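Enquirer: The primary structure of each chain is shown beneath.
Number of protein chains: 2
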Amino acid sequence: MIVALAGGVGGARLANGLAKLLAPEDLIIAVNVGDDFSHLGLSICPDIDTVTYTLAGLNDEQRGWGIRNETWSFMATLRQLGGPDWFALGDRDLAKHVLRTERLRAGESLTAITRDIARASGVAHVIIPVSDDPVRSIIQTDEGDLSFQDYFVRRRCEPLFGGIRYDGAAAATANPQLLAALANPALEAVVICPSNPILSIGPILAVPGVEESLRTARAPRIAVSPFIAGEAVKGPAAKIMRELGQSPGAGAIAEYYAGLVDVVVCDERDPAAGRVIGEVRMIAMDTLMQGPAGQQRLARECLAAAASLRR
Amino acid sequence: MIVALAGGVGGARLANGLAKLLAPEDLIIAVNVGDDFSHLGLSICPDIDTVTYTLAGLNDEQRGWGIRNETWSFMATLRQLGGPDWFALGDRDLAKHVLRTERLRAGESLTAITRDIARASGVAHVIIPVSDDPVRSIIQTDEGDLSFQDYFVRRRCEPLFGGIRYDGAAAATANPQLLAALANPALEAVVICPSNPILSIGPILAVPGVEESLRTARAPRIAVSPFIAGEAVKGPAAKIMRELGQSPGAGAIAEYYAGLVDVVVCDERDPAAGRVIGEVRMIAMDTLMQGPAGQQRLARECLAAAASLRR
Numbered sequence: 042m043i044v045a046l047a048g049g050v051g052g053a054r055l056a057n058g059l060a061k062l063l064a065p066e067d068l069i070i071a072v073n074v075g076d077d078f079s080h081l082g083l084s085i086c087p088d089i090d091t092v093t094y095t096l097a098g099l100n101d102e103q104r105g106w107g108i109r110n111e112t113w114s115f116m117a118t119l120r121q122l123g124g125p126d127w128f129a130l131g132d133r134d135l136a137k138h139v140l141r142t143e144r145l146r147a148g149e150s151l152t153a154i155t156r157d158i159a160r161a162s163g164v165a166h167v168i169i170p171v172s173d174d175p176v177r178s179i180i181q182t183d184e185g186d187l188s189f190q191d192y193f194v195r196r197r198c199e200p201l202f203g204g205i206r207y208d209g210a211a212a213a214t215a216n217p218q219l220l221a222a223l224a225n226p227a228l229e230a231v232v233i234c235p236s237n238p239i240l241s242i243g244p245i246l247a248v249p250g251v252e253e254s255l256r257t258a259r260a261p262r263i264a265v266s267p268f269i270a271g272e273a274v275k276g277p278a279a280k281i282m283r284e285l286g287q288s289p290g291a292g293a294i295a296e297y298y299a300g301l302v303d304v305v306v307c308d309e310r311d312p313a314a315g316r317v318i319g320e321v322r323m324i325a326m327d328t329l330m331q332g333p334a335g336q337q338r339l340a341r342e343c344l345a346a347a348a349s350l351r352r
Numbered sequence: 042m043i044v045a046l047a048g049g050v051g052g053a054r055l056a057n058g059l060a061k062l063l064a065p066e067d068l069i070i071a072v073n074v075g076d077d078f079s080h081l082g083l084s085i086c087p088d089i090d091t092v093t094y095t096l097a098g099l100n101d102e103q104r105g106w107g108i109r110n111e112t113w114s115f116m117a118t119l120r121q122l123g124g125p126d127w128f129a130l131g132d133r134d135l136a137k138h139v140l141r142t143e144r145l146r147a148g149e150s151l152t153a154i155t156r157d158i159a160r161a162s163g164v165a166h167v168i169i170p171v172s173d174d175p176v177r178s179i180i181q182t183d184e185g186d187l188s189f190q191d192y193f194v195r196r197r198c199e200p201l202f203g204g205i206r207y208d209g210a211a212a213a214t215a216n217p218q219l220l221a222a223l224a225n226p227a228l229e230a231v232v233i234c235p236s237n238p239i240l241s242i243g244p245i246l247a248v249p250g251v252e253e254s255l256r257t258a259r260a261p262r263i264a265v266s267p268f269i270a271g272e273a274v275k276g277p278a279a280k281i282m283r284e285l286g287q288s289p290g291a292g293a294i295a296e297y298y299a300g301l302v303d304v305v306v307c308d309e310r311d312p313a314a315g316r317v318i319g320e321v322r323m324i325a326m327d328t329l330m331q332g333p334a335g336q337q338r339l340a341r342e343c344l345a346a347a348a349s350l351r352r
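Residue numbers (the working numbering), protein chains in the order written: chain B, 42 to 352; chain S, 42 to 352.
Rather than coming from a laboratory, the hints here were simulated on the basis of the structure. Among these hints, one or two may not hold up.
Stated by the list, open to error - Taking beta-carbon pairs under 10 angstroms as the criterion, some of the chain B residues facing chain S (in silico):
| id | residue |
| --- | --- |
| 1 | THR112 |
| 2 | PHE115 |
| 3 | GLY131 |
| 4 | VAL139 |
Treat the numbers as computed from the prediction; the structure is a model and nothing was measured. Each residue gets a CB set at the ideal place from its N, CA and C atoms; glycine is no exception.
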C-alpha cells in the first residue's frame, strides 16, 4: 500500500506514474483542496480534476491543464454576455463542475463525487480529497490577502508572496481513508509528489491529523522536489521561494518537510544532491518526467528508494 | 405602445415581426415563465430564451429551439459522466443559464437579468417575464401530475393531457412594467401571440392582475390562433385540445380568450374564419410565418387589424 499526496500538474504526473505501476487497491492518492473555489455558482476543484484527467489520460499535455479536445463555446458566449472570463471553463470541463456542484448541494460528499467522476472517466485508482470539508488557501501578498485563484489565475502570481493561510483547515476533518492508510501496518511508502510544497502540499498537511500521521508513519516517507536547476518545471514554486528569501531547491524542500520525510528525491543537478539535511537524505535522480514513460520511470525509482529504506 | 404576450417558438416569431416594425420604446413583450425550471442546479427559462434568441437573430430555425452554431461538448461529457441527458443544454446556451442562475442566487430579479442578456445579445426591445416570482406549470395527466419539462421534453407530451395547474401563480406579483403598459392610455393594441394558449399564455393570465388588466384594457386586443388546418405549426397544442375534447381551431381560441380579446386572427383555412363567436370576431389571414419576412407581414397585418378597431 502506497499513499501519494498530490497537488496540481507535477503531482498528477507522478501520481499517474505510480498508478501505472500499482494495482488500484495498492495506491491512495490524496489531493489538495486548498485551490478549490466557487465560481459562477460552480464548485471547482482544480487539483482533483488535474489528477483525475491525468490518470484518465484525458489531460491536455500541451496546454498543461484541463481536458484534451476541449471546446470553448461556453467561454465565448460568457464573454459576449459580459460574464467574468478570467477563469477559463471548457465546455467538457463544465459538465463535471455542474454535476459536482449539483451533488454537493444535495449533500453528497466530495469523496463520493470524486470517486464517481473518476470511475466514469475510466480511472480505477483511488483519488480522494484530503478532506470533504472546505479548505481555502489565502495568499498574503503586498497587495493584501488574495483568494488562491485570485492570486494564481487572475493575478498570475504577480503580487509579492508574503505567506499563506489555509482557511477552514483547522476545522476540517481529514479524509478517514487517508488516515487509515497512513496508520495501516501494510503501508509501504508515503510519496509526497513534486507539487508546490506551500500552495499544494501545505493545505494537505494543515488538515488536523495528516501531519501527525505522517510524522508517526512507520513506512518510508519520500518527498520529490519540484525544483530542477533552481526552477520549478511548472508553476510559481521558485518565485514564491525567492520571495520568501529562500533558495528554490531540494534543500528548501527538506527544511519544509523536516520531520515528515526520510528522503527528498532531488534532481541530479541540485546542489543539495547527496547531502543530508537535518535527518533528511537527498537522493538524486532525473526528476524531469517526460511523457507517461518518464512518469513511470520516476515512480519506479521512488518506489525502489522507499523499498531500500524499509527495514 | 403595443403589448405582446408570448410563449415559445410561435410566439417568439410574431414578437420578432412586431419588433422589426416597432421602435424599442413602442413594444413590450411579456413572456411566459411557467416552463421555467431548475435542472442540474441551473435556472432555465426556455420561453424567455426563445424570444431573446429569436429577436437577436441567434435562434436555430432548423432545429426549432436553441441557438444557432451551437456545440454539444457539455452534453457529450455529461452523458459520459452518467449525468441526466434528457434535457439538451448547448455549450453556448449554458453560458446564459450559468450567469442567470448566479445572478438570481445573488438576489437579482429575472427582469433585470433578462434585460441584460437581451442587451448583450443585441436586442433593444423590452422582453420581460410576466413575473419575477416563480410560476410552474404542472400538467395533470393519466399518469399523474408531471412538471412541465417532464411532460414536454422527457415524456414528449405523450401522456394524456387532463388539465394544468400554475403553481405559484396566485402568489406571484405581475411584472409592474406589464401592468403599467396595459393601463397606459397610449396603449394601442394587445397582441396575444400564436403560442399554445393552455401551456404558454395560460400561465401569463394566471398571474393576478394580468387577466383583469387585459379584460379592462381600452386598446384593441387581438389573439393570433396557433392552428392551421386543425394542427399547430409547432408543439402539442392540437393534441392537447383534442385530449380535452375540443376541436383545435380558432373557435377554441375564441372560447379560451372570451372576454379578453376583441379579435382572433385565424388562418384563412380555419372553419371559424369570418364568424363571430361570443363577442369575438374572427379575422382570417395567412398565419403561417415563413422566415423573418413572414413574421413581419403577419405582425403588420395584426397591427393594421388593431388600428381598424380603434375608435
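Enquirer: Let me know if the C-beta of THR112/B comes in closer than 10 angstroms to any C-beta of chain S, holds or violated.
Expert: Holds, about 4 angstroms.
Enquirer: Given PHE115/B as an interface hint, is its Cβ closer than 10 angstroms to any Cβ of chain S?
Expert: For PHE115/B, the interface hint holds, since the closest Cβ of chain S sits about 5 angstroms away, which is under 10 angstroms.
Enquirer: Hint GLY131/B vs chain S: min CB-CB distance below 10 angstroms?
Expert: Interface hint status for GLY131/B: holds (8 angstroms vs cutoff 10 angstroms).
Enquirer: Given VAL139/B as an interface hint, is the shortest Cβ-Cβ distance to chain S below 10 angstroms?
Expert: holds, 5 angstroms
The earlier numbered hints are all upheld by this structure, with none contradicted.
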